[in-house]
Structure formats: C-alpha cells, structure tokens
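Asker: Chains as they are written, first to last, in my numbering: chain F, 393 to 742; chain H, 393 to 742; chain U, 393 to 742; chain L, 393 to 742.
One thing to keep in mind: the hints can contain errors.
Repeated chains share a single entry, so a pair holds when one copy, or any two copies, can fit it.
[As the list claims (entries may be wrong)] Derived DSS-like pairs: lysine-lysine, alpha-carbon spacing no greater than 25 Å straight-line: (1) Lys438 <-> Lys457; (2) Lys438 <-> Lys537; (3) Lys457 <-> Lys585; (4) Lys438 <-> Lys585; (5) Lys585 <-> Lys537; (6) Lys537 <-> Lys457.
These are calculated hints, taken from the structure and not from any lab test.
There are 4 protein chains.
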Amino acid sequence: MGNTQDDIRVGVLGASGYTGADLVRLLVAHPRARITLMTADRHAGKPMESVFPHLGGYDLPDLVKVEDADWDDCDVVVCGLPHGTTQEIIAALPERLKVADMSADFRLRNMDTYAEWYGHEHRAPALQPDAVYGLTEYYRDDISKARLVACPGCYPTAALLLLLPVVGGGLVDADDIVIDAKSGTSGAGRSLKEGTLFCEVAEGIHPYGVASHRHAPEIEQELSVAAGRDLLVNFTPHLMPMNRGELLTTYVRLANGHTANDLRAALAARYADEPFVRLAPQGMAPATRHVRGSNHVLLQVYEDRIPNRAILVSTLDNLVKGSSGQAVQNLNLMFGLPETLGLEQAPLFP
Amino acid sequence: MGNTQDDIRVGVLGASGYTGADLVRLLVAHPRARITLMTADRHAGKPMESVFPHLGGYDLPDLVKVEDADWDDCDVVVCGLPHGTTQEIIAALPERLKVADMSADFRLRNMDTYAEWYGHEHRAPALQPDAVYGLTEYYRDDISKARLVACPGCYPTAALLLLLPVVGGGLVDADDIVIDAKSGTSGAGRSLKEGTLFCEVAEGIHPYGVASHRHAPEIEQELSVAAGRDLLVNFTPHLMPMNRGELLTTYVRLANGHTANDLRAALAARYADEPFVRLAPQGMAPATRHVRGSNHVLLQVYEDRIPNRAILVSTLDNLVKGSSGQAVQNLNLMFGLPETLGLEQAPLFP
Amino acid sequence: MGNTQDDIRVGVLGASGYTGADLVRLLVAHPRARITLMTADRHAGKPMESVFPHLGGYDLPDLVKVEDADWDDCDVVVCGLPHGTTQEIIAALPERLKVADMSADFRLRNMDTYAEWYGHEHRAPALQPDAVYGLTEYYRDDISKARLVACPGCYPTAALLLLLPVVGGGLVDADDIVIDAKSGTSGAGRSLKEGTLFCEVAEGIHPYGVASHRHAPEIEQELSVAAGRDLLVNFTPHLMPMNRGELLTTYVRLANGHTANDLRAALAARYADEPFVRLAPQGMAPATRHVRGSNHVLLQVYEDRIPNRAILVSTLDNLVKGSSGQAVQNLNLMFGLPETLGLEQAPLFP
Amino acid sequence: MGNTQDDIRVGVLGASGYTGADLVRLLVAHPRARITLMTADRHAGKPMESVFPHLGGYDLPDLVKVEDADWDDCDVVVCGLPHGTTQEIIAALPERLKVADMSADFRLRNMDTYAEWYGHEHRAPALQPDAVYGLTEYYRDDISKARLVACPGCYPTAALLLLLPVVGGGLVDADDIVIDAKSGTSGAGRSLKEGTLFCEVAEGIHPYGVASHRHAPEIEQELSVAAGRDLLVNFTPHLMPMNRGELLTTYVRLANGHTANDLRAALAARYADEPFVRLAPQGMAPATRHVRGSNHVLLQVYEDRIPNRAILVSTLDNLVKGSSGQAVQNLNLMFGLPETLGLEQAPLFP
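One chain only, chain F, in its complex shape (with noise of 0.2 Å):
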C-alpha cells in the first residue's frame, strides 16, 4: 500500500465481515490505493487487529460507525454491508464519492424483481439506473465511467463467466440449464447461526436454498440479456466444509447441433486475452483449490455420454473473483488504472 499524495483513498463499509476483510487484505498490498476509512458498528472504536487478527501489524484506521465516517478522507468506497442496510447509506453519500457495492442491492434492474425476492420495496430507486452491473468482463466500458458499481454475487459471477458466451452464441438450449453449485462456508458470512458452526458443517454437505436462492434472478436477469428473451435455469447451491471455493457444474443440452467442442472453442475465443478467466486444458478436472485466495476463473467442458448434452464447469474463490477481488478489479477501472493492480497473488495451494 503506498501513501502518496495521489493514492485512491479508499473507505471500507462493512470491515468485519470475512467480504471485508478479504477487500482489506486486497488493498494493503495494493500499490496505488489506501484504506483511509474502515467501518463496522458493532466492533466501532477498535483496531482492526482486534477483530481480524491476521490484518494486525498494517497501518490501519480503527473501526468506526457509518455516521461517524467522514467522507472528506475517501474518494471512493467500497461497500461489504449487509443487503437492505446498502440502499440508504449509499444514497445519502456525497454525490462526488464512487461507490463499489459488493451487496446484492442494487444488481437486479428490475425493482418488482427485486422486491419479490428480497421481501420490501426498493429504498433508492432512483439510483438504480445508474448502477452498473460489475461483471468485469462484460461491462468493462460502462464500469470505467460509473459511479456506482455492483458487483455480482459470487455464484452469479462464476455461472456467467460460464453460461454467456454459449447462451449468447446459441449454441445450447437456453431453457435447458442446471446449474448445481458447491460453496465453501465463508460465503454464509461470520454472523452468528447454528446452520455455519464448525460441527454443522464439517465431514458434510447439504443442499440449501433449493429453487429459492436470490442469485437465481440475477443469473437469469444476465442470461436473459444474453439470450434476448426471459428464461428461468434451476440453481440448486450446497454448503461444503471448506473456508472458501465455489464450483458449479452445469449441464446443459446442446443446440442447432453444436458440439461440446463448439462450446470449448467458444470459451477459449471469449477468454482469450481476459487477465482472470482460464479454460482449463482438457480432461484437467477444475478445483477450486485451484484458483484459492486468487482473482482467477477457471473453466472446462466436458461431453456427456447422453447425445447432444454436456457438462460445464466453473470455479472461483468466492472472497475473491467473487466479491472482494472483483470489486479490487472494478476500482482498477473507475480510476483508470490497470486492470489486474493489486491482483497478481498467485492461487494458494495447497
């Protein structure tokens, strides 16, 4: 983290949740951006160190309550809060701060959308028009001149990455899509609850949030774009004992007689000069071990024994490519730098 006089001066909302503190370890090792602001209500006045020992030892502001935040120290901020909390706080922020919103509040268009599945009316309609949906490799042009950026969620991050080239090219059956997905335990959050305690979730594994889950609207609201009519995919996520790592495999019916090497092709041409996103080589069985504590994306293609499907894969890290890695990537964007500062940490194995 450097400290001269044109570093991002960058404020955290929400640092003492594991979203946040991934940001945190993101950007002290950021060359251009600094962290002049952290805040969590409930822990405010203390050091960081206190409630996240491993960041101890930076030179950190302590933590703070959000009406005690002042904005003059920040260009831009980065928001880890809770959805439903976001809306209002952003909306009351000084109009010349960018914000990074690394909650789901405001990635659906739709409000009606929004309010079927987040149980209440929209609190600032008025800015959703001008939120970006922060899929980097989608909407690098936009995100580049945003002031409001948010960012996908991670499970809609690693199916898109996945699903847009092939339901944009035609090249499967858009009505056809099951998307089963594994999540490490980090991504349910550090708030209190019986369901994440280490004996609930070790030596097992569960569905949850069978065919209720909220990423669901927002992959299809992506997909929809892609395929230029409304479709519905079944979701079905399950909860891993592991800290961080999602993978989801996909399996899909092809179209217009296309291949499962068409898919591949298709893949590797998308991703070809993108930073982040990698097609495994094939038969190399994707893990999210593989792509742990990294921005990276990885991807495969599998044919499946029953003619005309295959079987697709992704894998991300969750804090990472996505959450906090892509927000880093995103703010890269909005202050014009390169597009991967900050984000060259190699994957962590084992």
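Based on the hints, put chains H, U and L in the right spot on chain F.
Answerer: Chains H, U and L in isolation, oriented as in the chain F frame:
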C-alpha cells in the same frame, strides 16, 4: 459378537481396505456373526490392530493370504477385494460357501457391458447368472435364497433407492435424468494415490470420472428394468473433503402431468415399511451427516421453479448402506435372520 | 431400545445440545433403557428430529420445558444442562429419582474452589456431599450405590485415566506435570459463538483458556487425592478442526529412579481388566480417530531423549467416554446392569 | 514477475513438491526474480500446469531433469529436493551459482550429528563450513555474503524465533524446555504415504516422531549457541487435519527471578523492527490461520498458574516462513534487495 455353536462364521476377504474395516466394525457388534477368517495379502501374518488400530482389543483372527485361507472355518465369505481379482477367487470357493460380494464383479448382468466398462472379459461368466443384485429393498426374496449376492455400488444404491419408484411409476421422464453426486474420500479406498492425499482433497472439491464412471452402467441397468426399456443417465460424481457420506442431487423432468408432490407420495408409500430408508420431512435439507456411520438412507423431494421439473436428493454413508452395511443386511437375509440385526447403530453426529 | 415393563425409564435434561444428542444416540440402541422424557427449553414442543435430523425415525417423546416435565415417567435423569443451571433443577427433583449429571456442577468437592472457578456460590451445597465423582474406573463401588453421580469433564477423564496410576504409584514427580490437550469442536457445544463458526476453526489450531480452564482444578482435585497432597498441573487446551475427539500429550519427570517402562507396566497392570481402557502396543501412535464414536480410551507411553523424562498420551471421544458414554456406563452401574451394556459400538474409522 | 535484463534468474530444483510449488507461487509475483529453470525428475518434459494446475497460465519453463539443467540460465538455484540427494547435486554446481537450500542437508554444523540423525555420512562435508544457517533474523549479515544458505526447518524456525531471545537472555531454564508442536499435513510432502491420505488425517490428531524427529538436533544446535553450552529439548510434533500452518506451544521454567512479563518484554524488544515477526497483543490467542499464506510469525507469552512457569506460543506457515518464504527472504538478502520484496502478501483468512 457371540460365540455359540450356531453363530454364522464369516470370512472377510480384503480386510485391509476401508470397506473391509467397516464390515469388521459392524460384525464385531453383530449378535449372531463371528469372524473366523480375515485375508489381506499385503499384510498377511499381522494382527488387524497393526493395520487398523481402532479395531484393536477385539478377539479377531490374524490376517492371512487368500491362498492360505481355511474355508472349513466359514459359512459365508464377504468380499471386499478390488474388482477384477474377485471373480477368480469366488469361482474357486467351495460350493457350500455363501458369498456376499462388495466388489463390482458380479453387478452387471450383461457381459459385454462388463467388458466395455472394466476393460477385460469377465473371468467367471458361468457364475454371473446365479448372482443376485443385492439392492436389498428390491431383491429381498432372491437374496434370501441366493448363494452369491452382488452388493450394489455406493452411488447406485443412493441413486436407485431414490429413482426406482419414480421411474418405475412413470412419474418422470426417464430420458432426462441428471445425477450430480458428492462423495467422501473413503470411497476412493486406502490404496496410495496422489489424488487422495490430504492436501489434494481438503479445502476443495472437484468433479471426477465425468461421463466415464463405472457406476453409470449399473444405475442404468436397474433403471432400464424399471422403465421397461434401455436408458442413459447423466452421472457426475465429485470428490469431497469428508471421510464418509454421499449426497446425490438429482434433476428430473416430471412426466404425464405429475407434480413434485406425486413424487413425494410415491417415495413415502414405497418406503413406509422399510427400516433403513426414510423420506425427510418436507423442507428439511438432507445432509450426509444425518446418516453417518449408520445403514440409513434419507430422501427428499423439492419442487423446482422451472415448471414441470423437480429436484430429488438422497444421502447415505458410502461405507455402510453403500457397502458393508448393505452386505450385512443381505447376509442377515441369506441366513434367515432379522434384516436389521447388527445394524441398529444410530447415526453419529456431530 | 427395549420396551418391556422393567426397562429403565430415562429422562434426558438438555437434549438439544451435542452431549444430549449423543446420549440419545447411545440410549436408542441400549437394550434396557427407554427414553421417556426429553427437555430443551428453547425447542419445547418440537420433535427431536427437527432439532437433530439424524435422530429422526426413532420413537422418541417430543421436547418439553423442564418445568413441564412429568418426573413420574422416569427412574433416572441424565443432565446435559449448562453448568450453573443444573444445581437448582437437581435440588428440586423428587428424591426417588437417580441422577447422572454431565455438567460441572457437582464435580468439585471444595465449595470454595467451585466459587472461585465458576464465579458464584454453589446453589445446592447440601447435595454436594452425596455426589459421587463418576470416573467409573476409580469410583465403581460408590457409583453403584449413588443417587447422584457427577460425571467427570472430558479433559479430566482423559488426564486422570492416564495419570492416576503413575502419580498414585509415585512414579513421576507430581509437581512437574504439563498437559497439552487438543480437542474437537463439539466440546464447545452448540450454542452460538463466533469462535466456533466453521471458518474460525477449519484449517487452523489455537490455544484457549490458557492457565484458566475450569477442568484444571478438577484434574488437580483427583491427582491430589492420589498424591496425598495438594498439587497444581499445567493444563493447556487447543481447539482443533475436527468434530470429536481429544488427545492429551503429557510431559512428566520420572521419580525415584523409575523408567518409562515402569510407567508402561503400571498402566498395563492397572487397566488389564478394564473393558474400555487400553494401553496401545509399543510404538503405535494413538490418534483420536482410533476411538471416535466409542467409549474407548487409548493410552501410550514414550521415553523422552532427555534423561528421566517421559511422554504420556491419552485419547478418547469427548462426547462418549468424555461425557455421554461414561454417563451410560455409570447408569448401568447405578441399576445393577453389566457396565458395558449399550456401549459395545466399535470406533468409527474413517 | 518482471522480465528485464537485470532480473535475478532463479532455478528451482525439485519443483514438483509442495515446497517447490509454494516457492514458484511467491516467485511469479516477485518484482525482481524470474524463474528460468525448474527441475522435477519424475515429471520431466511436462508443463508445470500438469503437475500443479493452480500454477497454469504463468509463463513458466517446462520441467526438466536435474542432469538436463542448463545452469547458464541461472544466477541462483533454490533447492527443494529431498534431503540426502541435495548434497551431491549442490557439490556439482558451478561455483558462480548461489544456492538457497530448503532441504536439511546443510543445516547441522556437526557432521557426526548429521550422520547420527540422517543415517549416513555427509556427502559434501567440504561445502558444509561455507553454509550459513538461514534463520534470517539472526544471521542476516552472513546470509547477505553467503554463497550457500541452509534454510532452517519449519519447526526450528518457529521454535528458535520464540526461544532464542529468552534462552540467550538467561530468562528461562534452558534444561527444562518442552515444545509441543502441531503441524498441517503439507509438511509431510506430496510423496505417497498411507499416513497422509485424507482419511488418515481428517477428523483426528496424533503425535509422530516422538523423541526422534530430525528437527530436534537443529533446534538444539542453535539454542546451544544461545545458551553457551549444549542442551537438549523435548520436541513432540503432532499431525493436524489442515493443509498449512504450524503452532508450537512451549512450556518453560523461569530463571533468575524473571517473570512472564520479562519474557514478553524481551520478545517485544528483540522483534520491534522485524518486518515479519510480531508479538501478539496480550491475551490474543495466536492461531495458524492468522499467518496462513504469509511470511509472518506470531508470538505470544502466557503466565502459568504454576509459580515460575510460563507458556510461550509461536505460529507460522510451514510452507512460507517455514520454507519457501524464508528462502525468498534470504535470496533477497543474497542479491542486495529489500528483504521483504515479493513477500508482502497479507495472510489469507478465512
């Protein structure tokens, strides 16, 4: 483990693998069985305790080579040998010996299918016609009269108990079945492979055997019987950072106007009187940890958001109902004992 | 679980914790016990299955509040309540009810020591003199005649079975004992704490309660009896990323010219006839997984490279021999049953 | 990884082990190092990605056999070879090549001690006198001038950083030191051993190498220097179900009237200006997860309840500060670069 004259004397072939060890675990607490022989070629001459310390302190025979086995001591042998090697050993056994085979050698009725998936001609084709497929809940009568029972694979057990009632009843489109499976690492056995080292499994997940796993034809064999015609299924297993347990998330298209509730009713009816198979209460997410260490199977049905689709889940312990427990269940039947004898252990959670 | 008239009718107080659940697991397979009452204040009115799905399918009474308990249905209650709350509840029970208490409330004989370590005066001091310390292997006769048995803590059980013979025999310097303990997370219970969330435990280890853990005075109480004088021990526990199991590595200085072999001989002699305590063969490293799910204890002795020092190891399952299993063992004694009844399960590995 | 003419060209010998892979992870993000050679005999001819998929997408040379290495491409080699094999390879290297050795081959200064613990005479005794023990914080000047640096073992690094100041300062009784160590499984390497299979490690803990681990004489060598006389320590490591990390709980007797606070002060003073070694705030329990993936070391001091005793804790990532990270730290010194270059990554939690 009793010790009276009319105990069933059991020989365990392949006692040094995880499956063999779990069989021994069950048999030492079985009130009517007595282990009189244990083979393990590589460890011949050793006490079981030196290979599996958790089985020390029981009055077990030392390990011997198969060729040194004294068959006169046994009424039945249970085979936990690697597939391929089992056929010739079983073919050479005295005819009076009953056999419960936990390997894959006698599961496939079609010898061509066997040769295609296992890479060599079957070495005991004369025995195959006498082998009964040991899915207890479906072949109970045949098993009780059989000399040779081919216990199903772990994945087929989980898949078939879930799907046979709905495929057999014509409730789902038998040509559109996607099975996404997640398994603990004990399923890969105790032999040395880089892929099952702790650091290659912990904190991660990856698919394996995609479109090529040998349990696929086994699932298809039995589902084809139920459907009355040949069919193929998608079957995609994943390796999980847990010791035991298997969870199958199965995606089906409803047929003939049926609803998810009809599937639920069919499963409830079919298993109402089964001691080990249970339909979970509506809305409860089945987890592998709900069945760990027990012979239980837990099933669940979810309605999908996509019209005419449903999500079915089954879970079992791959080493128990998926292998050794089902072998004991069958052994009980083969000797006219109550089917649940020695299998009363409740699941171990946490 | 039988159902005849002379079954022992057991009330389980605090059935919604891990300890309570493990007690239920053992009792449903116990041939002479029958659960007739289960309390769980927060979950009153629910079936056990909704709190612990792995215990679904058993014929269990619904959960009730303690104040709604019908004591007429019980011959004995086993308490798995949080310490502090147990005293008054037990004091108010009908006198004819026997009690096996798994909490810490009646373990310390000295009421001042209790007040010092638990932060309040004891609330049932009149009952304390009647309480028998339930370390089965050492207080067997007293337990068989007791009305109230205070089952030992998990760490004290592991420490005392290892150290009592060598301290009592004067084989080691009782003033130089260092106990480094490692425990699975189930020992911390099912209540919500940030420190037992999956992500705070997995892939790591840390010490806790250093020089302040309440099991220290309990260990010291019993070792002082054996030594014939007051003593202090170092006891340092660590939280481990595993569900169950406890391993104590204990560093001792040999006394009176004794050798590590003498320690070995003393342990072998002391436990030769004990059904649940076993000295490991020389050189075999005891692991928590060797005892998982069972009532077994495994001990080991190593000679140190430093002259006159030895390293002692003990391991047990904190929920079984460290809690519910020992409670059942004591309950058997209290009702004149064979001590091992319902505890015959072999360890579950892997 | 830069690419300019004055980059340091690094050869990685033994790139197919976990240590080698972690070195590559660090070097690909190092601004002044460039990997020009990677050897791995068993995998010669393959791209690194086929051995470690997480390192795909970097511009790395293919793996070659050691005998096919072109040393002209290198300014320095870092050796991650198995001990015993390293000596002859290093002895045969061109003299102008600098060497940072991560094996145990040149750590012990006394050749008799080496022969006793490693089972054979040293094969390059002529080189040994030139080897500098690479504990950076203590041999900084020598390392900066050295041709051959013997990087310390992971356990010795954790033990010595904790104990050298207090032993050297006469604050503790150097003859009464007990080190109870817990390590993640990556420390055992990637070679195939039954003991490091997932199912043999997960959900458990056990001691290993009791009173016989080869890191003991290495710890003793350096502590003896600090104490000014030969001494022995108890060192007992345990294998943990985690990938990375090491935690040492060390039990000491205070000397010369010193208190735990004096130990605290001594550590604080000694490491005040060290970039990677940090004393934790009083009362904060150090955890391996606080340093995961980083070159950090975290220390802590606790007063014991037993008079005149204290408990010291240190933790590090065995693959980073315990191996590859310290090698990079030394490499920076050897080439006159800032010591922290390429090691700025914050710990990865969760």
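Asker: What label fits Lys457 with Lys585 when the C-alpha limit is 25 Å: within, between, both, or neither?
Answerer: both (24 Å within a copy, 23 Å between copies)
Asker: How do Lys537 and Lys457 come out at 25 Å by Cα distance, when the copy is not named: within, between, both, or neither?
Answerer: Neither way: Lys537 and Lys457 sit 30 Å apart in one copy and 51 Å across, limit 25 Å.
Asker: Regarding Lys438 and Lys585, is the shortest C-alpha distance of 25 Å or less found within a copy, between copies, in both, or in neither?
Answerer: Classified as both; 24 Å inside a copy, 19 Å across copies.
Asker: Are the CA atoms of Lys585 and Lys537 at most 25 Å apart within a copy, between copies, both, or neither?
Answerer: neither (39 Å within a copy, 43 Å between copies)
Asker: Give the relationship of Lys438 and Lys537 under a CA distance limit of 25 Å: within one copy only, between copies only, both, or neither.
Answerer: neither (36 Å within a copy, 44 Å between copies)
Asker: Between Lys438 and Lys457, at a C-alpha cutoff of 25 Å, which is it: within one copy, between copies, both, or neither?
Answerer: within (11 Å within a copy, 40 Å between copies)
The structure shown violates the earlier hints numbered 2, 5 and 6.
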